[in-house]
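Q: In case you want the letters, here they are:
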Amino acid sequence: EDQVTQSPEALRLQEGESSSLNCSYTVSGLRGLFWYRQDPGKGPEFLFTLYSAGEEKEKERLKATLTKKESFLHITAPKPEDSATYLCAVRRDDKIIFGKGTRLHILP
Amino acid sequence: GAGVSQSPRYKVAKRGQDVALRCDPISGHVSLFWYQQALGQGPEFLTYFQNEAQLDKSGLPSDRFFAERPEGSVSTLKIQRTQQEDSAVYLCASSLYPGGARTDTQYFGPGTRLTVL
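Residue numbers (the numbering used here), protein chains in the order written: chain W, 28 to 135; chain U, 15 to 131.
Next up, chain U with everything else stripped away, as it sits in the complex (with noise of 0.2 Å):
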């Protein structure tokens, strides 16, 4: 079956601008998390949605980080103002059952790779 797909996978933007990434979970998962990952590190943890609600955003580095997930599907991570320590690679993740739940396992998007120049 489909996995989880994110668009774009590459982004360029200039310092200043708005941008916004798209992720497709597998379709019937509950839960979904983004994860920002820097060149050389793990991905670190920004956000999770229960079907439509966000219940952590507790790793979501500043309040130019916005992320929703409307009809508890399809989920988008918007940043504004994007400054160069924003260049990463924007992962997404998606699970069957809530998050936390022992036989949860998180299956992972390919990235958006986001450069600001």
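So that you can see chain W by itself, here it is in the shape it has in the complex (with noise of 0.2 Å):
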């Protein structure tokens, strides 16, 4: 069965403490992982999409990393504002399957 796991369920951080989030997924033919942030009361907000493998994309103060059995998100000297619920998914046919976030508060 298609799975995706994330861990920490919750993180706090203090502000400009560099952290890892992490994403491990379980899909027959992985066609595309995504990371999204969402806010309180918002819809999920697009950051990445990785295909294959070793690729890595990079936004501020952002970073996703892929290998063929998990994700990482690596925040590097995180400010306030990046508190947020990040969300892993990966594409199943045409559908995507959400993991249940990481919940990432960083202290001024």
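For the record, the hints were derived by calculation from the structure and aren't laboratory data. Beta carbons are placed, not taken as given, at the ideal position from N, Cα and C, and that holds for glycine. It is possible that part of the hints are untrue.
Short derived list, chain U residues pointing at chain W, Cβ under 10 Å [as the list claims (entries may be wrong)]:
#: 1; residue: Asp38
#: 2; residue: Gly56
#: 3; residue: Phe59
#: 4; residue: Tyr62
#: 5; residue: Ser101
#: 6; residue: Val103
Since each chain sits alone in its own frame, please combine them into the complex, following the hints.
A: Here it is as structure tokens:
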């Protein structure tokens, strides 16, 4: 069965304290792994798509990497405005399967 | 440009009432998706349209849930005889390409929070 598991469920960091969020997946024939950011009361906001092991993408303080079994979202020197829930998802046929997300809180 | 919009943003219904939730996708987007998001969970797929055709409705939880996109643009998700377990945020997403396309990126609306009393 296709699954997406994110860890940790929640993470509190001091401003400037770098860390990584994990997304483990099992899917038949990966056709895209997605990272989204979701703020309270809003819909998910697209961040990255990764397609093959070894691929990396960056945006400001965020960098996403992909292996054959997992993806990491690295956050470098985070700021309070990076506080949000980060969702990982994989494509299965015409639909996207989401994990439960990691709630990230950056303390000033 | 304008993103995906949804209305109403909040809906309170008494158990047993019917509700209709609207989604306006990004203009020109071929694909439209509906998701249900319970508190503290990730979005869960409900149904998918390519233009006006509903190609996948495997995620609809019961026959009380019905979705349509008659002209290939605006979509409506209807829930009949609402139950308390229907309380959730209903998200709509659209993408430029047909679902499953390699370059398909889904863009989400703000969601409708449904509370069934």
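Q: Determine for every hint whether it applies to the structure shown.
A: So, going through the hints one by one against the coordinates:
no.: 1; hint: Asp38; verdict: violated, 13 Å
no.: 2; hint: Gly56; verdict: holds, 3 Å
no.: 3; hint: Phe59; verdict: holds, 4 Å
no.: 4; hint: Tyr62; verdict: holds, 5 Å
no.: 5; hint: Ser101; verdict: violated, 16 Å
no.: 6; hint: Val103; verdict: holds, 9 Å
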